[in-house]
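Asks: Taking the hints into account, I'd like the entire structure generated from these sequences.
Under full-length UniProt numbering, read the sequence shown as residues 1 to 282, first letter to last.
Hints in this document: simulated from the structure, not taken from any laboratory.
Just so it is clear, the structure is predicted and the values come from calculations on it, not from any experiment.
Mixed in with the good hints there might be a few duds.
Stated by the list, open to error - Listed below are the simulated PhoX-like cross-link pairs for lysine-lysine, each with C-alpha atoms no more than 25 angstroms apart in a straight line:
#, residue 1, residue 2
1, K181, K271
2, K130, K256
3, K271, K256
4, K114, K271
5, K114, K14
6, K25, K80
7, K256, K188
8, K25, K14
9, K130, K270
10, K279, K181
11, K177, K271
12, K270, K29
13, K279, K29
14, K114, K270
15, K14, K29
16, K130, K181
17, K270, K177
18, K250, K130
19, K188, K279
20, K114, K80
21, K177, K188
22, K181, K80
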Amino acid sequence: MKEGRIIMSAVYEKLRTCLESIQKKVDFKPEVALILGSGLGDYADEIDVVQTLDYTEIEGFPTSTVAGHKGRFVFGYVGKTPVVIMQGRVHYYEGYAMSDVVLPTRLMALLGAKKLILTNAAGGVNFEFKPGDFMMLTDHITTGVPSPLIGENLDELGVRFPDMSEVYSKRIQEIIKTAAKDLDIDIKEGVYAQFTGPNYETPAEIRMARTWGADAVGMSTACEAMAARHMGVEIGGISCITNMAAGMSKEELNHKEVQETADRVAVQFKKLITEIITKLND
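Replies: Put into structure tokens, the structure is as follows:
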């Protein structure tokens with residue numbers, strides 16, 4: 001246990017170091033945090049930007065190595081709502097410890113964000129989905145990745161055994177559905193399963209995921225949601241279905257297809273995100 005305490009203390013110390021590094025450079029208190037998935041990165045450039053901060057400017061901060069992820073925090077306003085946007089996320093498959101993967105999420109909450117909107121590009125598992133669809137997350141499955149809460153609990157952040165019966169806020173789900181309806185955007189609902197990546201899942205793994213009850217699969221998001229829920233943050237999640245998962249079509253999976261589909265529906269996705277954030281504080 002002593003070794004566990006040392007490790008977890010180091011995790012919290014790293015978090016505090018990153019927080020203090022940001023606060024020396026940025027004087028801004030966000031109410032809403034937003035993590036941008038593939039194809040949505042330039043949304044951050046379209047808001048009323050107050051300040052930006054590259055991840056490389058933050059002491060001890062993990063940096064994204066994935067194409068299409070810029071790697072910076074953007075602070076500003078969507079309408080009248082102060083937001084912090086993570087323009088590029090860190091993935092477990094990049095070789096980071098899970099505590100590093102969720103460090104940015106925890107940081108945004110410590111900066112003041114009480115609400116979090118998670119977005120991602122995902123593979124469709126539900127046969128009723130098609131590339132270009134949006135799926136609101138109603139729940140998730142994290143059996144395929146280690147929990148970010150493993151190890152001695154960080155009491156400063158939350159309780160030892162946090163309840164996960166409503167990870168994705170029902171209130172925010174209603175806001176997402178209303179926003180989509182107002183914009184005449186069709187939105188699916190479903191369960192997201194996170195796997196480690198970076199390889200795409202096998203057809204057998206997709207059949208397993210469907211048996212579990214998953215409607216979409218990806219390599220991010222659920223671990224971030226778990227860490228945020230541990231801290232009492234209210235969460236909403238939306239996937240852009242960029243491709244059908246392995247074994248569901250004759251096409252081989254590749255990241256170019258993911259990017260192309262995400263880019264094709266980016267305008268609608270951006271309008272939806274703006275409408276959701278606007279309605280969060282109505």
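Asks: Decide if the proposed pair is consistent with the structure: K25 and K80, CA atoms, cutoff 25 angstroms inclusive.
Replies: holds (23 angstroms)
Asks: Decide if the proposed pair is consistent with the structure: K256 and K188, CA atoms, cutoff 25 angstroms inclusive.
Replies: holds (24 angstroms)
Asks: For the pair we were handed, K270 and K177, check the Cα-Cα distance against 25 angstroms.
Replies: Roughly 15 angstroms between the alpha carbons, so the hint for K270 and K177 holds.
Asks: Going straight from one Cα to the other, do K188 and K279 come out at no more than 25 angstroms?
Replies: holds (19 angstroms)
Asks: For the pair we were handed, K114 and K14, check the Cα-Cα distance against 25 angstroms.
Replies: holds (21 angstroms)
Asks: Taking 25 angstroms as the top limit, are the C-alpha atoms of K114 and K270 close enough?
Replies: Holds: K114 and K270 sit about 21 angstroms apart, inside 25 angstroms.
Asks: Given the hinted pair K25 and K14, is their Cα-Cα distance within 25 angstroms?
Replies: Since the Cα atoms of K25 and K14 sit roughly 17 angstroms apart, the hinted pair holds (cutoff 25 angstroms).
Asks: Run the distance test for K279 versus K29: straight-line Cα separation, threshold 25 angstroms.
Replies: holds (19 angstroms)
Asks: Given the hinted pair K271 and K256, is their Cα-Cα distance within 25 angstroms?
Replies: The given pair, whose Cα atoms are some 23 angstroms apart, holds under the 25 angstroms limit.
Asks: Keeping to a limit of 25 angstroms between CA atoms, is the pair of K177 and K188 held or broken?
Replies: holds (9 angstroms)
Asks: Take a quick look at whether K130 and K256 sit within 25 angstroms of each other, Cα to Cα.
Replies: holds (17 angstroms)
Asks: Please work out if K130 and K270 have their alpha carbons no farther apart than 25 angstroms.
Replies: holds (19 angstroms)
Of the hints listed earlier, there is not a single one the structure fails to meet.
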